[in-house]
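Visitor: Put the complex together from the two separate chains, hints included.
So the chains spell out like this:
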Amino acid sequence: MIVEFWGQEFKVNVILGCIGGFLIAVVSSMFGFGGGPFMVPLMTVGLGLPMYVVVGSSLLAIFFNTMMGTARHFQFGNFDLVFFLIMFPAAILGGFIAPQIAKRVSPLTVKRIAVAGLLVLALNLLGVY
Amino acid sequence: MKRLWGLMVVACAVWLSVGLFSATDARAEEAKPDGAAAAMEAKPAESVTPPSIQIDKTSIENGGTIVLTGTAPAGKPVFIEVWGEKKVRASRFDAEPDKETGKRPYVLYMTEDMPAYYKIFVPQDQKEKLDKAKTEGKKWSFSQLLKDVGADAAYSAPAKIKIDRYQATLMGSVIGSRGDILPQMDDKENKKRSMQLVKARFVKPEKVMGTDVQINPDGSYRAEIKIREGLAPGIYTVVASVDKSAKSQPVTFENHISFPLIFLENAGTSINIFGPFLLTLAIAIFGVLMGAGGGFIMNPLFVSIWPLPHTVVAGTVMPTVLFSQGSGIYNYSKIKFINWKLGVTIGLSMVIGGFIGPKLTELITLDQFKFVFGWILIVLAGLMFWQTTPGYIDKNKKEQAILKEFKQKAEAAARQKGN
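Residue numbers (our numbering), protein chains in the order written: chain A, 1 to 129; chain B, 1001 to 1419.
These are computed hints drawn from the structure, not numbers from a lab. Ideal placement from N, C-alpha and C gives every residue a C-beta, glycine not left out. Honestly, I wouldn't trust all of these hints.
[Unchecked claim] Below are the DMTMM-like pairs computed for lysine to aspartate or glutamate, each with C-alpha atoms no more than 25 Å apart in a straight line: (1) B:K1395 with A:E4; (2) B:K1076 with A:E4; (3) B:K1188 with B:E1112; (4) B:K1336 with A:E9; (5) B:K1087 with B:E1112.
[Stated by the list, open to error] Pulled from the structure, derived: some chain B residues nowhere near chain A, Cβ distances all over 12 Å: (6) E1061; (7) V1067; (8) Q1184; (9) E1189; (10) K1244; (11) P1250; (12) E1265; (13) T1280; (14) A1292; (15) V1313; (16) E1399.
[Unchecked claim] Going by beta-carbon spacing under 8 Å, a handful of chain A positions derived as facing chain B: (17) M1; (18) G7; (19) L16; (20) F22; (21) F79.
Okay, chain B solo, but in the shape it has when bound (with noise of 0.2 Å):
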């Protein structure tokens, strides 16, 4: 009774604020998003009775089925919308050519609130539409399937997430800034940005949207919703609505993992740790004999594998290796086998290079990052191919037999200081 009453208070002061000062209504909503809107909209007779929900478990284990039924007025479609209490990282660079203008913005989106997990679910009979999306491949669009489908109105929890752009510029790329903070955004532009940023972070329609609402004549529903394994754990919300107003109470479960299964912050994913040591560790024993670092075959594997982001991967990989070089350089320098004046010269120009590239990493999509890698390793293939060849075995004889007699040298000095 008492939430009913703050909830009155909110709509009053927001329908005051709307009519008085109509630029103060944005934050006054953002106290209270939702209570504000519903009970603003509670207030027409043309509203929509809001559909009801129940859930039948509140816990799972590392995923499950969650059935939520519910009474909606007939003949309405209901939407059910999921989401994780978890946050992630979900980032798109704009750099499309815009419809009228043909100007290419190169805008970066960025939030750090997306829901680790989101999943809206609309009646069964959406399927064919659903299905669509999927045949487009990665050219599919959340908004366009939301509005194919008749969510958009359901669309909430994203909808309103902190995103920041920045305006990047060539000269910042390559000094390695995200370019200018732009102004933040009005309500509906959030939101149409937010569903591109949805796509970014989630990037196939069937993660993010699922036809397992099932509709009787009379109004009732019922929805079996499967969780699956690796995500999030964490709290989980749902609410079910018919319409923009009509919209149901929030029903919560808990979804948990354990030990081996551990959740990655950045990443947003759950994993099982024994699933990226051992392929760490064979990927290891693999670059070591052929000669090339792990991390060629290791990031495209993990983003294939698993659901990781290209960037998590890029920048923690990169780390895993820091160690073996500095031993590496501290062998090589005891037997006197570096040249430090090439070695810093060529080092220095490789700063420069290592300044500008982590920021390239999130200009691009995970596709994008896929198909360059592929490139990538052609070359690292014909390179390899190439020290194959007779001509470069014999070569290579004759140079490590050098290189071998040239540490023996080198050993022999350095023991004879040592004495």
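So that you can see chain A by itself, here it is in the shape it has in the complex (with noise of 0.2 Å):
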């Protein structure tokens, strides 16, 4: 597939990229995250597109997954109103405050505190500790 951006043109793999993504929407729609992190990685460097061609439509892609799997939990009765409505203004507000913070912090030093974390919390899970 031809995919044209701003008058450049990549030649896109799409079968790699359709089964790339539908294999993070079941996973991320499981365990209801947001596949973000992972698609982004799929197609930089699986499909080899630029990062300006990927932020945009990666999040419309995922965007589909989320609709999707928020019915489905919601079908089959996952979907508690009152959890949801002390989340949500959480988030929002948390998404308002972050970039007052991003701007003094530098990027680097949240991923590396993150990749520690990250870790930290996994041993947990896996019950390592």
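Guide: See below:
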């Protein structure tokens, strides 16, 4: 498939993109997270697209998954309205506060802390400690 | 007195129907299960006198201690069953190979009627057996534990809940269906499966059994029952029993909760709203900073900190990002930064994935959920680490510069068009 973006043309292996997207969608809707951190590497490394093409389009692709996942979870009775109403304002508020903090911290430091934090959490989940 | 007559009538009806139409007795029993059973068993001479029961208070405020006293025939163990009126869903996917045939059944058991609180209190001298079940880790069996402590006859409240069975198939799971519904089970099978569902819902042996019943040689007993914080509000029913036939009259108490505590109907748990609010806020901020959605950290923390079912956590966290994703798409589309052809093509394959995923959530246990999530986080940590390596940063700098340039171009174009 040929993708045109601001006058530039990119050749995309659409089969790889769809299979990868499908698998990420299964796992992310199963465990209830957005698939962004996996979609972006898939599209940059796997499909060889530059970052500026990927940011918006990957978000659009994930949005499809989130809509469907939400509808299905709702159908199966996994959605708790009160719980949602507690989290939703917090998530929105977080979205407003975060950019203010982002100006003051280096993204590299945040990522390093995130790596350490994720590993600690992962080992806890795997029952290592 | 009127009630006693009622029971007698029901008992006679049951007795008659057992003899005449064995097929209809299930319905008759269902109409008045406890009464019928008690009245029926009251007749034979060898029956044990039911224990008496007194409760020290009828109302508690977000948990508390209830003292139960009474007398039972001397030398008999006393079991106290406590359950709440609120109901929650419990499900279990049976994929264990059958002991005899070696075949995996792939049957999904599901009920909407599991009490949000259920616990059976047994005599203190059974502590060792409960401790043994605790050491078995995830492999403990509720039915085995009940048998060990001699409480299987006392187990009654969840035994008759309505359980639906679905025969799952690979194809069915792929198209996201629960599978064909199987016929209702008989009472014995229903009881057995209900025990497995109790385990699936309450996970740990100490959650469903306590060794708090103190029995004196003269047959009097005393139990101090701690109802912990964060449980479902509503009426709790308490029944003491010596064996299947000798059950006390039910006594009740009410658990009240008040703001900021809120009961989550689907999760079956009361929760202080500030807890999830602050946690979500903190993780949402951190998520934006690190460039990954909060769901990665939020979901495992929620299932670890609070007794929330993983299905409800996954199903409720997911919609919270809809809004931010939608506004992101809107902002990018304003500056024409979305390639619709690419996004929609991959998006369509993701729709299919999103159709299947939530189905799989209910087929796995909480432990499996945590285990797989652990590996997902390790992969994510690997990806993040890769993004901090010098090679990636160099490349990223160039890309970010181009991204910025494009954005400016796009914004300028959008502005021109607007003017």
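Visitor: Now tell me if each hint is right for this structure.
Guide: Checked hints:
no. : hint                 : result
1   : B:K1395 with A:E4    : 22 Å, holds
2   : B:K1076 with A:E4    : 82 Å, violated
3   : B:K1188 with B:E1112 : 19 Å, holds
4   : B:K1336 with A:E9    : 16 Å, holds
5   : B:K1087 with B:E1112 : 7 Å, holds
6   : E1061                : 20 Å, holds
7   : V1067                : 33 Å, holds
8   : Q1184                : 21 Å, holds
9   : E1189                : 24 Å, holds
10  : K1244                : 34 Å, holds
11  : P1250                : 30 Å, holds
12  : E1265                : 7 Å, violated
13  : T1280                : 4 Å, violated
14  : A1292                : 4 Å, violated
15  : V1313                : 6 Å, violated
16  : E1399                : 4 Å, violated
17  : M1                   : 7 Å, holds
18  : G7                   : 10 Å, violated
19  : L16                  : 10 Å, violated
20  : F22                  : 4 Å, holds
21  : F79                  : 5 Å, holds
Of the hints listed earlier, those the structure fails to meet are numbers 2, 12, 13, 14, 15, 16, 18, 19, in rising order.
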